[in-house]
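Engineer: Build the full structure now, drawing on both the sequences and the hints.
There are 2 protein chains.
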Amino acid sequence: MLKGSAMAKDLPTSPLAPAQFPNLLPVAGVEFATTATNSRYKGRDDLLLAVFAEGTEVAGVFTRSKAPSAAVDWCRAALGVTAGKGVRALVVNAGNANAFTGRAGKATVEAVAAEVAATLGCAPHDVMQASTGVIGNPLDPAVITAHLPMLAGALGATAWDKAANAIRTTDTFPKGSCRIAEIDGYPVVIDGIAKGSGMIAPDMATMLSFVFTNAAIPAAVLQDILAGTVDRTFNCITVDSDTSTSDTLLAFATGQNARHQAITSFDDPRLDDFKVKFEEVLLELAHLVVKDGEGAEKFVTIRVSGAEDDRAARKVGLAIANSPLIKTAIAGADANWGRVVMAVGKSGEAADRDKIDIDIGGQPVTREGMVLPDYDEARATEHFKTRDVQIDVALGIGTGKATVWTCDLTHGYISINADYRS
Amino acid sequence: MLKGSAMAKDLPTSPLAPAQFPNLLPVAGVEFATTATNSRYKGRDDLLLAVFAEGTEVAGVFTRSKAPSAAVDWCRAALGVTAGKGVRALVVNAGNANAFTGRAGKATVEAVAAEVAATLGCAPHDVMQASTGVIGNPLDPAVITAHLPMLAGALGATAWDKAANAIRTTDTFPKGSCRIAEIDGYPVVIDGIAKGSGMIAPDMATMLSFVFTNAAIPAAVLQDILAGTVDRTFNCITVDSDTSTSDTLLAFATGQNARHQAITSFDDPRLDDFKVKFEEVLLELAHLVVKDGEGAEKFVTIRVSGAEDDRAARKVGLAIANSPLIKTAIAGADANWGRVVMAVGKSGEAADRDKIDIDIGGQPVTREGMVLPDYDEARATEHFKTRDVQIDVALGIGTGKATVWTCDLTHGYISINADYRS
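Sequence order for the protein chains is P and A.
The first sequence begins at 0 in numbering that gives the first Met the number 0 and counts up by one.
The second sequence begins at 0 in numbering that gives the first Met the number 0 and counts up by one.
Just so you know, these hints were derived from the structure itself, not from any lab.
Any given hint could be a false lead.
[To be verified] Using 25 Å as the maximum straight-line C-alpha spacing, the simulated BS3-like pairs for lysine-lysine come out as follows:
1) A:Lys400 x A:Lys354
2) A:Lys84 x A:Lys105
3) A:Lys314 x P:Lys314
4) P:Lys161 x P:Lys105
5) P:Lys105 x A:Lys354
6) P:Lys400 x P:Lys276
7) P:Lys84 x P:Lys105
8) P:Lys161 x P:Lys41
9) P:Lys354 x A:Lys105
Because the structure is a prediction, the values reported are computed rather than measured.
Structural biologist: Below you can see the structure in the form of structure tokens.
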């Protein structure tokens, strides 16, 4: 049954992967450790424990799935109790999603939280959890708890690549991003890691991602920043239109070594640079998730303008990005722009067929609903053969706009998923 | 650019194709002829002309795409003029969808209708049209009109296989169905043909299909029968979640040799058998479309029960049927029922994770949100290796139910679509 475990190791690194894992700076107040449980994956780290300084605040967004994992239920409930104040730990395991595991799943997250709380001397609801991997298999809490003493004894602040590696499932490379923002003229660090390669569609956080900063930002403000940013980043990517049961995005603000004055409002202009850098981190992570889309060979940017409003533009963009016919055409370097029209039509959003302008790789293809006489298909085909594909669609209806990102649909996707688990 | 034309001929017949084209009886009042225009496809028929006796009535349902083809626009407008009375002809070409062709596309359908009308001595709005194939290429009306005199001189009532063949694009086999219904104790024939293998998703007729009967049924009644039946047949199939710009389903009732008394109401109990047989024809055609899904190797039936209502059940069923992760798991004979839970969750319909019952191939897999201790995964895997895959999902919420049909997502789909046009 565990053929997938061997395969996950054997998957070649995505051709869209960055040359190397970026340099993530330490975040004051964040320490972590990883280990290999040797349960689903053999010989590689698959368990992450992060421990936070007292006073750390947390914000979270989660899958909109009606069948969320036990860990998602746990986090939502814990945040309901603490309002995001005083979080002390994050535990992430890869290989088993602890989803659709019924009462046993709930018992597992309770047992893990209790054990972490005992180890660190905090309350169970100060422990955040996330699980990713196969759905429907019971997760023995001992797989996690047996390693807690060792992890708690091995905490450090620098091995971000190991943290990013430990949360991978079929990801072919670890994903991280780092920025330095200024608040009151003082620098704060923002680090992020993410995992996710299949079951990626925008209906909330769309995978696992954790962002850490030493800025001192109250949970309520952090939650507003997070929610707004997600709509322009993780909610604008799609790999296969499938929504995970486990999508979790948590942001932790330790407030350690943060020399800026207190922040109390989302609208505080002193947060401007932080918001920009925070969004850069999330966008970079979201792009990395797409670039590791299962079987992805091309990174596709779809810009929609002239829609009724921004929401409509995003819906049109996602209709294009989720179309198997468009994604396979890109895989085959077939500049089949007719399929773009099809996707605009099926989105259900307002469009006037005879006003749709399409550009491929910056080259105008159609104007006023007709292909241009001097459209050079060979040039569009050449563009579709590159790693970075750009499609622009102007609807000519209003001023709404959005950018979404996806990857092509290749034989690799079929191979990986026809064969992932058993 | 026309690599697709060679390829279309070379595609191997779907392994799910029936052994042979069924025996379709003649329909009194329907004559037709086919020919090869040698435009997109070389050496095979790609143009169909059907001519109807005076007094024939027609009903139609069309794509919900916001960017419909010129032929769809034409039919909708013509039906608006005639209310479906007195239709005389149907022209169908394959290879060029005449969609997103702007003013030129409109001029083409007008020219074709005028020429057919002149040939037959009827009004242009008595001519129905459908086009299928590549989107965005102008369609020269001469491709069609040059052949009209020959077609009008070659009309016959029996070569249904040729008619079904002439409307194919990437279809690997012709699709037909025939039933005999009784009205007032007198038999009437119902014949149907269809095409469609990609860009198949329920948002109306989802492909081209034409149904012919010699029953005498007023257009308004025929329209009600058609609309209700489509929701349980063509709107319950999906291949790739993409919606065509050209989907067209037309039903023609000639009234020739129909010895039954006049029908004036949809609720007339004398129509009961006709409705049953009409639905059988549409269902058979819809199943054949799925069985010719691009790259399909397995026919998948998904039955959903216990939903909030029938609409919710269909939405859950389609979320399962459209999930690339489920479709690839079926292709790989991986009984990954966790992905079914994922799809239920993402459908957005009411569900209680801890009440979901899943059966695979008749074997209970989960009850009350947990996998059963005696679930035999090897048996489920064996079932997934067969050509007919059955997944049952009981939500335990209400009494809504629906059945939807789809196929697996294979390397064949990628090969066909990465390479269809250019």
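Engineer: Which hints from the list above does the structure break, by number from lowest to highest?
Structural biologist: 4
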